[in-house]
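Whenever a hint applies, use it, and build me the whole structure from the sequences.
There are 2 protein chains.
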Amino acid sequence: MTLQNNKIYPPINMSTPISKTPLIQNGSANAKRNEIKAHFMSTYTRYENLFECLANDEAYYLKPESLRHPLIFYFAHTAVFFVNKLRVAKLIEHNINDDIESMMAIGVDEMSWDDLNDGNYQWPSVQEVRNYRKHVSQLVLNLIDQLPLTLPIGWDDPFWIILMGIEHERIHLETSSVLIRQLDIHQVKPHSEWPRCQNDNPVVQNSLIHIDAGTIHQGRQLPSETYGWDNEYGSLETEVAAFKASQYLVSNHEFLSFIEDGGYQDIQWWTDEGWQWKQFKQAEHPTFWLKKAGQWYYRSMTEELPMPWSWPADVNYLEAKAFCNWLAARTGEPIRLPTEAEWFRLYQHTINTHYPHWDHTPANIDLAYFASSVPVDHFTFGQEQFGDVIGNVWQWTETAIDGFAGFQVHPAYDDFSVPTFDGQHNLIKGGSWISTGNEAHKDSRYAFRRHFFQHAGFRYVESEQQVNQNFNTYETDELISQYLEFHYGNEYFNVPNFPKACIDTLIQYVDLSEHKRALDLGCAVGRSSFELAKYYDHVDALDFSTRFIRNAINLVDHGEVKYMIPTEGELTEVKSFSLSTLDLGEKANNIEFAQGDACNLKAKYDHYDLIFAGNLIDRLYQPKQFLSSIKDRINAGGYLVITSPYTWLEEFTEKQNWLGGVKINGENHTTLDALKEHLKADFELVGLPQDIPFVIRETARKHQHTVAQLTVWKKHK
Amino acid sequence: MTLQNNKIYPPINMSTPISKTPLIQNGSANAKRNEIKAHFMSTYTRYENLFECLANDEAYYLKPESLRHPLIFYFAHTAVFFVNKLRVAKLIEHNINDDIESMMAIGVDEMSWDDLNDGNYQWPSVQEVRNYRKHVSQLVLNLIDQLPLTLPIGWDDPFWIILMGIEHERIHLETSSVLIRQLDIHQVKPHSEWPRCQNDNPVVQNSLIHIDAGTIHQGRQLPSETYGWDNEYGSLETEVAAFKASQYLVSNHEFLSFIEDGGYQDIQWWTDEGWQWKQFKQAEHPTFWLKKAGQWYYRSMTEELPMPWSWPADVNYLEAKAFCNWLAARTGEPIRLPTEAEWFRLYQHTINTHYPHWDHTPANIDLAYFASSVPVDHFTFGQEQFGDVIGNVWQWTETAIDGFAGFQVHPAYDDFSVPTFDGQHNLIKGGSWISTGNEAHKDSRYAFRRHFFQHAGFRYVESEQQVNQNFNTYETDELISQYLEFHYGNEYFNVPNFPKACIDTLIQYVDLSEHKRALDLGCAVGRSSFELAKYYDHVDALDFSTRFIRNAINLVDHGEVKYMIPTEGELTEVKSFSLSTLDLGEKANNIEFAQGDACNLKAKYDHYDLIFAGNLIDRLYQPKQFLSSIKDRINAGGYLVITSPYTWLEEFTEKQNWLGGVKINGENHTTLDALKEHLKADFELVGLPQDIPFVIRETARKHQHTVAQLTVWKKHK
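Protein chains in written order, with this note's numbering: chain A, 1 to 717; chain B, 1 to 717.
FYI, nobody ran anything at the bench for these hints, they're computed from the structure.
For identical chains, the list gives no copy identity; a pair is met inside one copy or between any two copies.
Below, a list of computed lysine to any residue pairs in the SDA-like style, where the Cα atoms sit at most 20 Å apart: (1) K702 <-> N494; (2) K442 <-> H217; (3) K90 <-> E684; (4) K663 <-> N95; (5) K702 <-> F493; (6) K663 <-> T567; (7) K37 <-> L23; (8) K244 <-> Q205; (9) K90 <-> L685; (10) K534 <-> S580; (11) K655 <-> E478; (12) K676 <-> G687; (13) K442 <-> E225; (14) K500 <-> F577; (15) K20 <-> K442; (16) K680 <-> V88; (17) K516 <-> H716; (18) K663 <-> I96; (19) K516 <-> A603; (20) K516 <-> G637.
And the structure:
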């Protein structure tokens with residue numbers, strides 16, 4: 001611990017001090033049971049205690065934010081969550097209160113800022129919710145006494161669900177404090193157990209301080225020392241280039257320069273998304289700022305006070321980003337927000353312990369001192385005295401949240417993380433004054449839509465390193481996800497991976513003395529192209545569908561493919577596979593994926609030693625023309641390999657253009673007959689036609705099971 | 001042979017006498033090769049010789065019948081047929097003449113009488129066709145020399161194709177003679193090698209003669225003594241009740257009474273189909289009758305002559321049927337046309353040899369005497385002297401052609417028989433003066449649309465025995481055929497028959513001490529109902545689809561299920577399975593199939609020991625209502641068994657009504673969860689849910705492969 005010069009604040013005065021998140025790796029089960037019980041009670045009562053900041057019961061029913069539910073929802077929600085997750089985990093059998101549980105379960109996440117919610121709810125009374133919460137509390141306490149507990153507590157264990165409920169309540173402790181902060185000032189009241197800091201230091205000049213390059217290893221492993229959300233597990237290694245970081249978080253004073261320079265009126269500083277939000281909200285300054293009679297005031301959770309200029313500016317990502325763009329232009333330096341890895345590099349550089357291992361809280365975090373921010377120069381870290389590396393307010397990063405390699409969805413809460421892996425949710429790091437439990441852990445990874453407010457501000461960095469904004473989103477389109485699973489996912493009914501089986505089979509028939517150029521026509525999401533690249537120096541891979549090709553390119557770019565496939569009804573399963581695990585990465589750069597029409601190929605697609613047309617011919621609108629034109633693109637002695645189940649459908653190919661599967665002069669004319677007839681002038685059939693089965697999963701229980709025929713045709717020399 | 005009193009006619013004078021169809025069971029290969037060569041030449045040249053009856057080349061291009069091609073088509077067609085079938089059988093590689101072969105291959109079968117064909121054809125010249133025929137003749141002769149020949153000749157042997165071509169030409173020898181007979185008299189000319197009979201005997205009185213009951217065994221087995229068409233193979237046993245048969249075919253004289261009694265003007269004698277045809281054609285008398293200056297004339301193949309009253313009346317089925325109805329009314333006796341089996345009973349009663357085994361032709365058949373009919377009392381058979389049991393003109397029967405048990409399509413000519421198995425094509429038996437080769441064989445089975453003309457007349461019978469007109473047509477609807485194959489057809493990917501597997505599985509969980517009544521809800525085409533009937537005394541079997549139910553009922557009625565399933569593109573495969581082969585017939589009568597709505601069941605469907613809902617719940621529009629109402633129909637201690645792959649689709653069930661596969665309060669709620677919840681008050685789950693896979697074939701290569709879950713629920717006592 002390298003804390004320096006931190007003036008001592010008295011610890012916050014509370015009837016029930018907030019507990020620390022339990023260590024769950026080892027220890028005595030009985031002691032742990034008692035510790036968790038205390039942890040639960042601490043959390044549950046502190047959460048209820050927060051609502052005492054409301055001026056009256058009416059305030060429970062006001063919507064502090066048009067896009068979110070009123071506080072009565074959140075008051076009930078953390079208890080409902082226990083019941084629902086315990087049911088999902090089959091630890092309890094029955095609901096406690098159907099009405100409350102159906103009303104208070106969902107609608108937690110904020111929606112897009114222009115997506116108005118006019119749901120009509122018949123909310124229960126505050127007393128009803130209090131009674132309900134008592135019921136649930138008793139239920140959970142009984143379960144803590146009764147459920148089996150072994151250490152380490154694993155993620156499939158009953159106690160993982162108990163801890164999940166507790167940590168979930170900790171999250172809402174913080175988000176509800178933000179909602180209370182957004183309520184009209186007359187609806188809230190100061191509370192002795194939620195005191196704000198009374199200090200406003202003299203303004204300090206911010207400056208940029210050099211940080212050396214370094215390697216960052218992220219991702220927790222199981223069993224872990226404390227409870228973590230699923231998105232924290234897995235692994236990611238990042239090489240962080242040297243950069244400069246601002247010594248302090250941006251203070252209200254520093255942010256004022258942006259406002260006074262007309263920053264909120266100047267579109268050039270804002271991203272498209274940022275400007276649209278600003279226009280919609282008519283924002284002229286940070287949301288917790290007020291201007292009265294020409295003077296700036298500041299809204300804490302329960303009070304309005306004259307602007308504390310030394311406190312950090314609370315802004316959303318969009319405002320922070322606009323500030324950075326403005327500052328970059330004014331200074332001529334590459335100023336931007338840090339990435340998640342850069343935040344870690346700064347942490348690594350300045351702090352060598354982490355929550356919950358400290359005895360004395362080194363930052364404005366974990367409700368240790370105040371129910372508000374403190375001056376940005378109060379808590380400093382490391383030799384360079386960086387302010388607030390953790391605590392005070394969260395720090396926006398440039399990084400959209402994503403799963404680490406090996407990410408697994410926790411089955412009891414499958415929509416905690418995955419819906420945020422969309423490139424629209426940016427990570428905040430460091431925690432705020434009200435971040436407790438897992439939120440105070442360095443490995444926690446919370447992400448919000450970029451327009452969202454938390455107790456969050458920012459530090460800026462100077463770096464030439466560009467941030468890759470090419471986000472690898474989960475493919476949710478059903479057809480494409482089907483194909484991703486088909487090419488990269490599991491095998492069903494013991495049928496081997498089809499694109500791989502095709503290439504493995506054709507390779508046995510092909511003379512590989514010429515193996516420079518191959519063309520994969522109708523490559524879909526690209527598996528056969530990767531397989532071909534094992535044998536051919538260069539593979540052109542074309543598909544008519546840009547959506548397919550986009551996924552193949554994504555896979556090369558990110559080394560990973562991620563998608564959601566239906567299991568039953570609207571329920572889905574999240575899948576991901578990496579090129580390295582599939583042993584496909586090595587030659588991936590020898591493949592050139594592009595959109596193309598097999599019936600109308602560009603001239604450059606020529607001089608191939610092999611053309612593979614996998615399950616293509618019965619989807620072409622002009623298969624005969626394809627067969628007659630494709631031969632000119634194959635070298636003498638080269639190969640054309642065709643696979644198809646010969647599923648001719650008028651939807652894809654007008655019947656008059658079907659190759660086979662037709663009566664000609666009254667006689668059956670199969671597609672194999674037709675291939676022989678069309679190709680005999682230029683090719684010889686090598687070996688016998690081979691049957692290659694494939695399975696395409698539609699749901700967890702429904703599949704297409706098809707048998708394609710593979711034929712290898714060698715062009716005459 | 002019990003031929004009696006047949007006056008001797010001199011044999012027909014022809015330059016090349018028509019050969020008899022070869023016996024192919026045994027003998028020397030070399031001798032057989034020569035015999036077949038002679039048989040081919042005899043057929044080929046006699047067919048060309050027939051066209052010498054045309055007055056000039058112009059006559060080749062006239063359409064004697066608006067629904068059929070001109071004779072130039074048929075002149076070429078029998079040669080084209082050889083080429084096409086030899087190609088299909090891979091005995092030759094190349095076409096002879098693409099134009100002729102594509103133009104002359106199809107359009108042979110007459111269409112429905114009101115289905116006008118306005119095809120636009122550029123027919124070749126007669127000389128071009130003659131040249132083409134020479135080419136083909138040389139090709140076939142060479143093949144007869146070269147193709148491997150072993151005896152017996154089997155139906156997969158190359159020589160079966162040669163024989164098929166020859167027999168096909170024999171058919172067209174006859175049908176072309178009919179077309180020539182339909183040409184304007186000025187377009188034809190008498191020919192010395194096609195002489196008509198010059199006799200017209202004094203009119204004889206027809207009478208009905210008793211025939212004893214008897215058992216008829218039909219159907220040829222392979223290897224067979226001579227070439228046969230696919231529809232002749234298999235087996236059928238029929239108990240024929242005693243009946244009376246008219247001694248003679250109905251002569252022109254006998255038919256005149258019907259005309260003179262206003263038969264062609266009186267709708268009451270005609271079937272609906274018959275009256276529609278009569279009205280369309282404005283028919284007032286048989287088609288080969290003419291009235292000139294108040295006198296009746298008769299059209300033979302090449303001549304008009306004063307009506308030979310003792311010759312048989314040439315009519316179509318519709319006219320023959322009208323005559324019988326009229327005669328029945330006039331006599332008060334149950335007069336009708338004979339069935340196929342009754343014709344055989346008469347044959348069995350009167351003749352004890354058959355073509356080609358006779359030395360002296362016992363009937364006006366096989367072109368032995370005339371190119372025309374002879375008096376109905378000239379050739380007589382058996383003790384009772386029945387006229388024309390075979391020969392003279394074909395005899396219409398009441399029987400629509402159908403395959404025998406064990407019927408297999410010949411792969412080289414898959415549309416010879418099956419398209420006629422539609423209940424619209426009635427069998428003609430006995431052969432005519434120009435029936436040669438297979439046509440003269442007692443087992444041949446030719447069938448034509450009921451309005452069609454051949455050299456065909458009729459004999460009538462008197463019988464109380466009703467003719468079953470409930471025809472078991474091939475199911476051609478793709479969905480229903482899929483289900484028939486799913487329930488009764490082959491197993492794919494080694495996945496056992498699903499409905500059987502379901503019942504076999506559930507039976508293991510069910511206490512069978514009460515096994516009186518079972519209900520199969522959503523029985524589709526009925527397999528599970530048959531399986532349930534093995535264990536339950538009475539099975540009610542309901543499906544929402546009348547088309548499904550109709551097929552299940554057909555199966556009970558006919559003991560056989562027949563359908564066509566797609567193989568590739570428009571190509572199909574014919575399938576049939578019998579209840580007895582599947583071991584399902586024994587309890588079939590304990591099943592009551594009916595249309596019904598599982599969500600709105602009639603009150604009578606009640607008091608069940610077991611209700612089986614196979615793959616039903618995810619196709620209901622109100623599955624929750626179904627679950628809540630179905631319990632009242634089950635006895636205490638009885639069972640509800642549900643299987644489903646839980647494939648919820650808005651197409652079948654509005655999303656708000658899905659049982660499971662949904663998020664409830666944000667949590668995954670599976671269908672199994674929902675079943676437990678909905679059923680727990682009244683049922684207990686017996687054993688664990690079982691996975692039961694199934695495969696539905698879509699084409700020869702494409703299938704649905706699904707895994708249903710089976711749960712057994714026992715109702716509380």
